[in-house]
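Each chain, written out:
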Amino acid sequence: MDIIAFITDFGNDDWYVGSMKGIALGINPKVKLVDITHSIPAGDVHAGAFALLSSFWSFPKRTVFVVVVDPKVGSARKALVARVDEYYFVGPDNGVLSLVFRQGKTVEVRALKEKRYALPYISTTFHGRDIFAPAAAYLTKERSLSACGPPYPNYIRLRWPEPSVYPDRIRGEVVYIDHFGNAITSIDAFSIEKLQTSTKEAKCTGCEAMPIRTHYEEVEEGKPLALIGSSGFLEISVNRRSAASTLGISVGDVVEVFSR
Amino acid sequence: MDIIAFITDFGNDDWYVGSMKGIALGINPKVKLVDITHSIPAGDVHAGAFALLSSFWSFPKRTVFVVVVDPKVGSARKALVARVDEYYFVGPDNGVLSLVFRQGKTVEVRALKEKRYALPYISTTFHGRDIFAPAAAYLTKERSLSACGPPYPNYIRLRWPEPSVYPDRIRGEVVYIDHFGNAITSIDAFSIEKLQTSTKEAKCTGCEAMPIRTHYEEVEEGKPLALIGSSGFLEISVNRRSAASTLGISVGDVVEVFSR
Amino acid sequence: MDIIAFITDFGNDDWYVGSMKGIALGINPKVKLVDITHSIPAGDVHAGAFALLSSFWSFPKRTVFVVVVDPKVGSARKALVARVDEYYFVGPDNGVLSLVFRQGKTVEVRALKEKRYALPYISTTFHGRDIFAPAAAYLTKERSLSACGPPYPNYIRLRWPEPSVYPDRIRGEVVYIDHFGNAITSIDAFSIEKLQTSTKEAKCTGCEAMPIRTHYEEVEEGKPLALIGSSGFLEISVNRRSAASTLGISVGDVVEVFSR
Numbered sequence: 001m002d003i004i005a006f007i008t009d010f011g012n013d014d015w016y017v018g019s020m021k022g023i024a025l026g027i028n029p030k031v032k033l034v035d036i037t038h039s040i041p042a043g044d045v046h047a048g049a050f051a052l053l054s055s056f057w058s059f060p061k062r063t064v065f066v067v068v069v070d071p072k073v074g075s076a077r078k079a080l081v082a083r084v085d086e087y088y089f090v091g092p093d094n095g096v097l098s099l100v101f102r103q104g105k106t107v108e109v110r111a112l113k114e115k116r117y118a119l120p121y122i123s124t125t126f127h128g129r130d131i132f133a134p135a136a137a138y139l140t141k142e143r144s145l146s147a148c149g150p151p152y153p154n155y156i157r158l159r160w161p162e163p164s165v166y167p168d169r170i171r172g173e174v175v176y177i178d179h180f181g182n183a184i185t186s187i188d189a190f191s192i193e194k195l196q197t198s199t200k201e202a203k204c205t206g207c208e209a210m211p212i213r214t215h216y217e218e219v220e221e222g223k224p225l226a227l228i229g230s231s232g233f234l235e236i237s238v239n240r241r242s243a244a245s246t247l248g249i250s251v252g253d254v255v256e257v258f259s260r
Numbered sequence: 001m002d003i004i005a006f007i008t009d010f011g012n013d014d015w016y017v018g019s020m021k022g023i024a025l026g027i028n029p030k031v032k033l034v035d036i037t038h039s040i041p042a043g044d045v046h047a048g049a050f051a052l053l054s055s056f057w058s059f060p061k062r063t064v065f066v067v068v069v070d071p072k073v074g075s076a077r078k079a080l081v082a083r084v085d086e087y088y089f090v091g092p093d094n095g096v097l098s099l100v101f102r103q104g105k106t107v108e109v110r111a112l113k114e115k116r117y118a119l120p121y122i123s124t125t126f127h128g129r130d131i132f133a134p135a136a137a138y139l140t141k142e143r144s145l146s147a148c149g150p151p152y153p154n155y156i157r158l159r160w161p162e163p164s165v166y167p168d169r170i171r172g173e174v175v176y177i178d179h180f181g182n183a184i185t186s187i188d189a190f191s192i193e194k195l196q197t198s199t200k201e202a203k204c205t206g207c208e209a210m211p212i213r214t215h216y217e218e219v220e221e222g223k224p225l226a227l228i229g230s231s232g233f234l235e236i237s238v239n240r241r242s243a244a245s246t247l248g249i250s251v252g253d254v255v256e257v258f259s260r
Numbered sequence: 001m002d003i004i005a006f007i008t009d010f011g012n013d014d015w016y017v018g019s020m021k022g023i024a025l026g027i028n029p030k031v032k033l034v035d036i037t038h039s040i041p042a043g044d045v046h047a048g049a050f051a052l053l054s055s056f057w058s059f060p061k062r063t064v065f066v067v068v069v070d071p072k073v074g075s076a077r078k079a080l081v082a083r084v085d086e087y088y089f090v091g092p093d094n095g096v097l098s099l100v101f102r103q104g105k106t107v108e109v110r111a112l113k114e115k116r117y118a119l120p121y122i123s124t125t126f127h128g129r130d131i132f133a134p135a136a137a138y139l140t141k142e143r144s145l146s147a148c149g150p151p152y153p154n155y156i157r158l159r160w161p162e163p164s165v166y167p168d169r170i171r172g173e174v175v176y177i178d179h180f181g182n183a184i185t186s187i188d189a190f191s192i193e194k195l196q197t198s199t200k201e202a203k204c205t206g207c208e209a210m211p212i213r214t215h216y217e218e219v220e221e222g223k224p225l226a227l228i229g230s231s232g233f234l235e236i237s238v239n240r241r242s243a244a245s246t247l248g249i250s251v252g253d254v255v256e257v258f259s260r
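Residue numbers (the working numbering), protein chains in the order written: chain A, 1 to 260; chain Z, 1 to 260; chain R, 1 to 260.
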C-alpha cells in the first residue's frame, strides 16, 4: 500500500490541492492521499519545515511526502527528491525538507531533473501539480531515486536554533505557533533533563516565569504553563486560551528554562 | 471495507490531523479515512457532540468514529470506546459521544484502558494521536470492544434541551450555528407535527415572528424563515444571508413555534 | 478504480461534506473521494464553475465530479447529470457545470430525475447528501447516464467574458481571485500570442501598466506583474503579496494587454 502525504501553503480555498491529487491518481490509481496541512502561511518555509519534522515519523515507512512551500517557483531554484531512512520526500530546494535531513541516519538527496517524471507542459507557477505530484506518484510505483536525477549534496539548509545548555538554564527559541496558540520551542525534553534540579520554570521575552507541568488542566483556566508537547519540545501554553495572543509570543522569541 | 471518520477541534492549520491518520494507516493500511470536520471551536464539546449526532447515520454500518474535542487531555478524565447499534466510537469521557448514546437501541460503553491499543510513548497533550487513533485502527481490524477495557456505564452525559410541547406552542433552544449562519434548534419535526394547527410561525429571542417554509427561496433574499433542516430539526435561516449575524442569534437562545 | 471529486460551498466547519462522503461510501465502498474545494464563497456559482473548469482535466478519465453551489436548493430548479468527453458531472442546473460543457467535444446533459438514485427521504436543504452524492456513487458503479433521466439541452449557461482581440490590444475580465490574491483573467495564452509584438504589458482598472513575465521572482518583492498562470489564463500578481488587496482588484474588473 502506497501513501502520498501533502504539506503546502496552497490553502483549501482553490482547486490547487485537488489538481495535485488528480494528477497523482492518474499515475498511480491505488495510491492513498493524505493531507497533513495546506495552511502553512504563504511562503513560510520554516513553518513548513517544522510541520514536516513533527509529523513524518507518524506515517508508515515508505510514505512519500510532497512538501510545496515554494515562493521562488519558476525561478532557477532546484527541485529535490530524497530518501531519509525509509521515508521519501519531494519538494523545492529552499530548506523546507532540511530539518528532516538533519535527523536521518541515512540521507540521500538528489536533484529532480528527469523530464519523464513531470507533466508534458510545465507551468511556471504550479510545480506542485506539474513536477512534484507526478514525481511522488512515480516514486510510489518505482521507488528509484537515482532515476530522478544526480546526487545533490549542496541543498539549502535552514538554521535550527539549537538550544544552549548552561549549568543552571537552557536557552532556545519559539519555532512554531499552532492552531490553539501554543508556542512550540526548540528546547527538547532531553536537554531539559540535563538541568541538575527538580524545580524548573520557564520564561519568555516579556512574560513572567511560569511552572513546567505535564498537562494543561494543572493550572487554572487562563493561566500560563510550560510543558513537553507532543512533538517532544517545550511548549508555552495557556490553559483553554491562546498563549500566543494572551502572552504576545511570536516565532523567534527567546525562551529560557531555569532552576528555581 | 473499513472506515474511520474524524471529528476534532484540531483545525486544519497544523499537522495534528495528519499525524492521527499516519498512525492509523500504520496499523491498518487498508482503512479509509474520512474527515467529518476538524473545525469544532476549540474545546466546544456541545458542538462536537451535535456534529456527530447529525452525521454518523450517513455512514456505512461498522464505521469507527474518532471524536476528539478534549480540553482536559492529560488529566484524570477517562477515555471511552463504544458500540451504538452497529457503529463504533472512540473519544474522551466528557459528553462528546453522549448525544449519540441517547439515541441508540443497543449501547455498549467501555473505558479504553488496554495499553496494547496505544502508542508505546503516550504524550500528555495529544491523545488523538497516541490513544484514540490507534484504538480506532485496531477496532477496524479486531472489532472487539471487550478487549479495550471494562464496561463503564457512568459516562458523562451532556444536557440536551428537550423541546417543551404545549397545546399551542413548542419551546426549544438553538443548539448549533452552521457555516452558512443557519441556527439549528432542538425542536424536531415530529414535535412540530403535534401542534394542532396548520398555520405555524417561529420566533426567537429578540427577533420577530417568521413563517415556517420548506426551502430558502420561498422568502425574498435577506428575509428570515424557519424550516425543517437536513438534520430533522427546525432551523432559523435568512435567505442567502447568515441568520446568526443578521438576527443576532447565539447557541442557547430560546426558540418557539406557535399557532397563528 | 473509481473517483468522486467534490466542489462545494459547504465550508469545512460543519459535517455536511462528511455526510456526503458517508452516503457515497455506503453505495460504493471502493470509491476514492477527493476534495477539490469546499470553500467556494456561499452561493457564488461563477467561482464554483471556474474552479471546476480549472481542475477537472487534472483528474483521470471517468472521474465523477459532484459540484454543489446551490443557493436555490429545494426550489423548482433542475438537477443535472452529464458526461463531457470521458468525465462525469452531477450538480444543480444553475450554470455551475456550464463552463465545462462549453469546452467538451461530446457533451451529454440529462435531467437527474430517477428516484432510485436518491435517498428515500429527500430534505429540502441538503441535496448534496440526498440527491447528488448518491447519484454520483451510482454513476461510479453503473456508468449509465440514460438511467438517470431524459436529455435536457436547455440547461442554464453562465456568461463567459470572452476576450476581445484587437490588432494592438486584448480586453478581458478578472474571473477569479485565488488564495494567494492572484487575479485570474479570461484572457488566454492563445489570444495573447495573436498580438503582433514582442513587448507586451498589462493593466487593470485603476492600476498602472505592469510587465508580462514568466514567474513571480522576476520582479522585486511587492511589485506587480502579469503572467500566464497554471490554468492557461493571464493572471495579475504581486510578488509575495496579494495582488487583489495590494492593487484593489475585484472579479469583473476589466484587464487589458497591449503592445508597448
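There's no promise every hint is true.
Since the list can't tell identical chains apart, any single copy or any two copies may satisfy a pair.
When the alpha-carbon atoms are kept at most 30 Å apart in a straight line, the in silico DSS-like pairs for lysine-lysine are as follows [as the list claims (entries may be wrong)]: (1) Lys105 - Lys203; (2) Lys203 - Lys30; (3) Lys72 - Lys203; (4) Lys61 - Lys141; (5) Lys223 - Lys72; (6) Lys194 - Lys223; (7) Lys78 - Lys115; (8) Lys203 - Lys61; (9) Lys113 - Lys61; (10) Lys30 - Lys223; (11) Lys223 - Lys141; (12) Lys203 - Lys113; (13) Lys223 - Lys61; (14) Lys200 - Lys78; (15) Lys115 - Lys61; (16) Lys194 - Lys30.
Since the hints were derived computationally from the structure, they do not count as laboratory data.
Worksheet entry | Hint check against the structure, violated hint numbers in rising order | 1, 2, 8, 10, 11, 12, 13 and 16
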